[in-house]
Amino acid sequence: MRSFTYERPTDVAAAQAAARRPGAKFLAGGTNLLDLMKVDVERPQHLVDISRLPLREVRETPDGGLSIGALVSNAELSADPRVRTLYPLLSQALVNGASAQLRNQATTAGNLLQRTRCPYFYDVSKPCNKRSPGSGCSALQGFNRMHAVLGGSDACIAVHPSDMAVALTALDAEVQTASRKIALKDFYRLPERTPAHETNLEPGELITAVNLPRPPAGQQIYRKVRDRASFAFALVSVAAVLDSANGRVKAARVALGGVGTKPWRATEAEQTMSGAQIDRRAFDAAGDLCVKGAHGHGGNDFKIPLARRVVSRTFSELAHV
Amino acid sequence: MNNESDSHLTRRLMGAASFMMTLFARELFAQTKEQAQRGPQTASAVPPAPGEVGVRLTVNGRTHDLALDPRTSLLDALRDHLGLTGTKKGCDHGQCGACTVLVNGVRMNACLSLAAQRDGDEIVTIEGLAPDGAMAALQAAFVHNDAFQCGYCTPGQIMSATGMLSELQRGLPSAATGDLSTAPAVNVEEVRERMSGNICRCAAYPNIVAAIMSTAAGVRR
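Residue numbers (my numbering), protein chains in the order written: chain A, 1 to 321; chain B, 1 to 221.
So that you can see chain A by itself, here it is in the shape it has in the complex (with noise of 0.2 Å):
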């Protein structure tokens, strides 16, 4: 690993004010950050150690939805009473991502923040445009089984690796930081030709929070299928919500994760269902809305059809038809 430099602040004004110094980068939780430093992917000069601040909390908004402190880890969410009654979906999400371990050190906003796990990515002897502007995707004629078939470029197609950003993004979060809020749809960038720049956070923007509106009406579920029954990354996830009578349903919100290059909200596929009978032909379609204008690469051509799969499987068992 690479020498640096360490301060922690005890305040947010004065991490920012940290986080101006050359080369220096935010230290939460650090299960992604540190990992990619050993591996010389991540070369920060000064890490600002943001652990200590004062975001570790959930609470109750006026509104009636939950603001989450930025440092909250990814354990102690997924246990919070409220978020496993009223947002069950995203407990789900968090307790079926990483070790316990890792649960346990992550944090909520780190969460948001990890980085991809392209294995060109990780490989500092391989072109990667992400880690290297300019020098290529490695992905694209390589070994792609666990790559994006939504949102690609030809400059890159690593998938967002976060199971918790999916279930976000499905309860319609919002970013919160020092001096604004950016809803989560907003937050991710699409690789296009530049893919090393991922979110619209400013440099040295600290994240405070994470603010979920008030829950949405209806079941909801989070299904994941991957490789090997637990710590693994999705092939393809699922964030559903379903509410629906007599027959009918009223309102759908789906998110997949595991297929694209951001947390992928699939907006005509909700749109299609809303007012839709239930039935398996109505989720069959909306799975089909859920993967338009997805692109294999051969290794991850999979994808399509499993993805359409599992959108409809998942809306079906929440309909129970």
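Among the clues, some could well be false.
As the list claims (entries may be wrong) - Pairwise CB distance ranges, derived in the manner of DEER restraints:
1) B:Asp80 - A:Glu192: 43 to 49 Å
2) A:Pro133 - B:Thr182: 47 to 53 Å
3) A:Ser274 - B:Thr58: 52 to 58 Å
Keep in mind the hints are simulated off the structure, nothing from the lab. Ideal Cβ placement from N, Cα and C applies to all residues, glycine included.
Starting from the known structure of chain A, arrange chain B on it as the hints suggest.
Quick look at chain B alone, frame taken from chain A:
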């Protein structure tokens, strides 16, 4: 006749293996006990030199003031600076769980934490589970259930299981918890899911689960 002598042989082999295991466990235990009693040489405060950070760690009840390169992981601080080599380095990337320790009572991967991040924290390592000479219930259960072969992952498995049983007791959900609105059950499915961050390449998993289950029977919520 042949079958009978085979089974005699098997029993004798098993008896020998069990004896060796007990010796091995005693040896391991004696080492850790000695370690715990002798303590580290670096317990006195050394002011950090330029480029170093001062870190105070309370490990197994003893407080240490260390001056460390900021890059030092908690794992390397424990092993290389405090001489507590019971905590193992497996992958060094948070994937195997061999380095699991308790930080303020919560299980974490010591390899993915800077020692500096843990300044002021209370750490418990495998050496801290038996400070007064008697094996903790989980340690005894691992020996009794033959829950290891090479033993390299064992300290991490035991520390992880210690943290896991506390999480079960506090009612933390897992991916095996069907109904999130109720407290999780104490069963094999929960234990397997909750221990997925600890890899055993000898694949002693069935016996590890059995050892944990024999201890988990005492978990009451």
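Hint-by-hint comparison with the structure:
| no. | hint | result |
| --- | --- | --- |
| 1 | B:Asp80 - A:Glu192: 43 to 49 Å | 45 Å, holds |
| 2 | A:Pro133 - B:Thr182: 47 to 53 Å | 50 Å, holds |
| 3 | A:Ser274 - B:Thr58: 52 to 58 Å | 57 Å, holds |
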